[in-house]
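There are 2 protein chains.
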Amino acid sequence: MGFELTKEYLDEVFDAIDRKDIVWFEQHLFDLHDADIADLIDELDEQQAAYIYALLDDEQQADVLTELDEDTRENLISNFSSKEIAEQVENLDSDDAADIIGELPQKQIEEVIAHISDDLAAEEIVDLLNYDEDTAGGLMQKEFIQAKLDWPVNRCIVELRRQAEEVEKVYTIYVIDDMNKLVGFLSLKRLLFASPTTKISDLYQDKNIISVKTSDDDEFVARIMEKYDLVSVPVIDLQGKLVGRITIDDVVDVIIEEAEKDLQLASGISEKIESSSSVWRISRARMPWLLIGLLGGILGAQVISGFEGGISKIPALAFFIPLITAMGGNVGVQSSAIVVQSLARGNDQFGSILKKIGKESLVALINGLLLSVIVFGFAYVFDSKTLGLVVSTSLFTVILFAAVFGTLIPLLLDRYKIDPALATGPFITTLNDVLGLFIYLTIGILMYGI
Amino acid sequence: MGFELTKEYLDEVFDAIDRKDIVWFEQHLFDLHDADIADLIDELDEQQAAYIYALLDDEQQADVLTELDEDTRENLISNFSSKEIAEQVENLDSDDAADIIGELPQKQIEEVIAHISDDLAAEEIVDLLNYDEDTAGGLMQKEFIQAKLDWPVNRCIVELRRQAEEVEKVYTIYVIDDMNKLVGFLSLKRLLFASPTTKISDLYQDKNIISVKTSDDDEFVARIMEKYDLVSVPVIDLQGKLVGRITIDDVVDVIIEEAEKDLQLASGISEKIESSSSVWRISRARMPWLLIGLLGGILGAQVISGFEGGISKIPALAFFIPLITAMGGNVGVQSSAIVVQSLARGNDQFGSILKKIGKESLVALINGLLLSVIVFGFAYVFDSKTLGLVVSTSLFTVILFAAVFGTLIPLLLDRYKIDPALATGPFITTLNDVLGLFIYLTIGILMYGI
Chain A
1 MGFELTKEYL DEVFDAIDRK DIVWFEQHLF DLHDADIADL IDELDEQQAA YIYALLDDEQ
61 QADVLTELDE DTRENLISNF SSKEIAEQVE NLDSDDAADI IGELPQKQIE EVIAHISDDL
121 AAEEIVDLLN YDEDTAGGLM QKEFIQAKLD WPVNRCIVEL RRQAEEVEKV YTIYVIDDMN
181 KLVGFLSLKR LLFASPTTKI SDLYQDKNII SVKTSDDDEF VARIMEKYDL VSVPVIDLQG
241 KLVGRITIDD VVDVIIEEAE KDLQLASGIS EKIESSSSVW RISRARMPWL LIGLLGGILG
301 AQVISGFEGG ISKIPALAFF IPLITAMGGN VGVQSSAIVV QSLARGNDQF GSILKKIGKE
361 SLVALINGLL LSVIVFGFAY VFDSKTLGLV VSTSLFTVIL FAAVFGTLIP LLLDRYKIDP
421 ALATGPFITT LNDVLGLFIY LTIGILMYGI
Chain B
451 MGFELTKEYL DEVFDAIDRK DIVWFEQHLF DLHDADIADL IDELDEQQAA YIYALLDDEQ
511 QADVLTELDE DTRENLISNF SSKEIAEQVE NLDSDDAADI IGELPQKQIE EVIAHISDDL
571 AAEEIVDLLN YDEDTAGGLM QKEFIQAKLD WPVNRCIVEL RRQAEEVEKV YTIYVIDDMN
631 KLVGFLSLKR LLFASPTTKI SDLYQDKNII SVKTSDDDEF VARIMEKYDL VSVPVIDLQG
691 KLVGRITIDD VVDVIIEEAE KDLQLASGIS EKIESSSSVW RISRARMPWL LIGLLGGILG
751 AQVISGFEGG ISKIPALAFF IPLITAMGGN VGVQSSAIVV QSLARGNDQF GSILKKIGKE
811 SLVALINGLL LSVIVFGFAY VFDSKTLGLV VSTSLFTVIL FAAVFGTLIP LLLDRYKIDP
871 ALATGPFITT LNDVLGLFIY LTIGILMYGI
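In order, the protein sequences belong to chains A and B. Sequential numbering of the first sequence, starting at 1, is according to this note's numbering. Sequential numbering of the second sequence, starting at 451, is according to this note's numbering.
Note that these hints are calculated values from the structure, not bench results. Just so you know, these numbers come straight off a predicted model, no measurement behind them. It is possible that some hints are incorrect.
To be verified - Computed far set for chain B versus chain A, every beta-carbon distance over 10 Å: (1) S531; (2) I559; (3) N630; (4) S755; (5) D869.
Stated by the list, open to error - Here are the computed lysine-lysine pairs in the DSS-like style, where the Cα-Cα straight-line distance is at most 25 Å: (6) K227/A - K457/B; (7) K7/A - K691/B; (8) K189/A - K598/B; (9) K663/B - K417/A; (10) K867/B - K805/B; (11) K148/A - K639/B; (12) K592/B - K189/A; (13) K691/B - K663/B; (14) K355/A - K649/B; (15) K7/A - K867/B; (16) K711/B - K261/A; (17) K227/A - K592/B; (18) K313/A - K763/B; (19) K207/A - K227/A; (20) K835/B - K763/B; (21) K649/B - K189/A; (22) K148/A - K227/A; (23) K639/B - K199/A; (24) K227/A - K711/B; (25) K261/A - K677/B; (26) K7/A - K805/B; (27) K806/B - K261/A; (28) K657/B - K7/A; (29) K835/B - K227/A; (30) K806/B - K7/A; (31) K711/B - K356/A; (32) K639/B - K189/A; (33) K639/B - K649/B; (34) K457/B - K207/A; (35) K148/A - K199/A; (36) K457/B - K356/A; (37) K7/A - K533/B; (38) K639/B - K592/B; (39) K213/A - K457/B; (40) K199/A - K241/A.
Backbone N, C-alpha and C fix where the C-beta goes; we use that ideal spot for every residue, glycine too.
In isolation and in its complexed conformation, chain A is listed as follows:
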């Protein structure tokens, strides 16, 4: 691995920009991979970024543009005329071009498209802009190679050469019928080793054609490509016509983004943010969850105040409030995390809800028993046998409830088409807090006979 973006390299870049030392950049920048140049530009301020970007040649500019962080790209592009943007995106694959144009204001989108000199390219981009970015249509590109059933091999090879610019990324040739419907595929290998006059219809494979529809969810596309180990997948429209192709690199990005989103939801963060996002944006993304937590705390305060008499008689009851709420939250999150993951992988065709809850209850039974024994011992020594009994009985009950809720809630959310990952966040912890308090204090006043 060649390049690593070090503090030292960045300092040299700053110096070279100050000196306007083009020779330095020729020696130390131009040979870097586009992704590395983009990483570097992401670290610069707006003027520095514009300076370096201007040094690159047309093709490198376009490739770097797609690799930049969204914020950096927006800043950079804001200095370009619509004509300049059009010139840059013409060097890109249709999906990357559509992604960049799609980020512009509506009025500028039309201007940029009007400036694209290649009519076919413009048409493809307009088509791609129609799709929701979270669908297969939003992920697909128009660069793919298709062959008709009745073509001979040599015509297919001519076609391959014609689209030579794209061949580096050809993994499979898609075979279509007269109506442009996808009927099968052909590997490069079979094509290259066949005689020139063989018909495609005698060569192609029609078994196990895996395709996705333009309207399919991007997570579904990711699951399909992962399951069948695909590097590209054809996209068809409602009529079964071949309209595009999705390559694995875009799907890897989807997988990573989904994973980050799930982890953020589980951690109580509601928007996609990064550690480089602004303070205001980070605050806003976290606020909804904190408000849920606050509301839970306020409800908890009301529950406890309902037992005020009991607590003033036996203040020791208050000692174990945090233990009960914490354990309820922990168990609930554990149970929901497993359910959320198995839902995310689409593994759940056969798991009936009752079976899952039964299993989680068993796990809760085992762990609950063990933990209750430990906590009984502690509370006994620490205070009294009665408190030991109160705390251990309530802990056991709370763990059971938390496990059942933790399992049930993501399943219910999923059934009503709400992202089940919501359940792993502060939501379930808060619910279990309130419920746990109620169980604990009720058992407390019953056992103490207050």
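Given the structure of chain A, go ahead and fit chain B onto it with the hints provided.
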């Protein structure tokens, strides 16, 4: 998309197995994709699985074997002799073969390898078994195409044909020098459109060669392939010699497993488990985190008992205990999640620790102020101005502390080479619980002047 594993299909399979209806399987099973057959077998009991597996032809058997869940595969293979296993893995790519053989007991590994008829294949597998499964060496396969610098194009094409079985998966030809060192690469496109006598040395690209070392961590490999949008990456040894290749499908699995592991750690689950794992295994995986939570609760009980006098005088102090602990936990997890994600993406070359803590403190300041005002209003109306002041001041303080700890702890864990994802779990919540209680009750007795 053709196939979906429905309850109805599964019932038909059960029936067909009972009837031993081979014709049904010919019509409804054999044409399915290997991954779908594997999904089906994963749902069957041991005898049913063995029955269906035996119906498949040799090649399909091998492909299905790699797609099965580890547990199912283990059960299935336990019925095979070493010779039978050897016959099956011979149909596989070297990395898949090594993965399956690596799961066997040490004694059987040697037997299976002795039964592999192709000496070269056996040697490759033995070589792959040497590498840790979490490294590039453990991910790589021996199937790749290399060309020497001084070869002409036609020799290279002969080589391609010779390895025709693998050509479907050839994305790039790697170019090596006399010492077998990787010096560059060649796309299929350039090879196919070049004249037969052109030397590889005149065709190949030596700019931006991206490779990984056998000892590189699998997460590093995933990051590289994602960053540079690669479908395959060459693997070199310590001397720079080309020894293997990693394809994107294996890396997608790494990315998904890592994401699941991070989410499980954040949810307090310490081993890789699935909703299909046994009750005992699930219980065991969760226990360590619950014990940490319990310990935190016990410490919390001790902190509160230290303030017993205060609470018996002002029982209302107990009302807001859950609010304080819950909010400290929530804020801590939010802060640590962002740090963990940016560490996971290796985005942290320039972020100094102080800068990060400063930013998190600012976010905490904004959110803390807002939440404190809300909670002051509530506690004032609910009880008294004094309690309002106590709760809001402590909430504000706890949020600030939780943000700083939430940022600091994953950074510290990372510095000491411990997985920072540990910090997003119950660990940080527990710490913040105890700290929060102490802050709250101290402020309480100070303000009430007890």
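Exercise. Give me the numbers of the hints this structure contradicts, sorted from smallest to largest.
Key: Failing hints, ascending: 4, 7, 9, 14, 22, 29 and 37.
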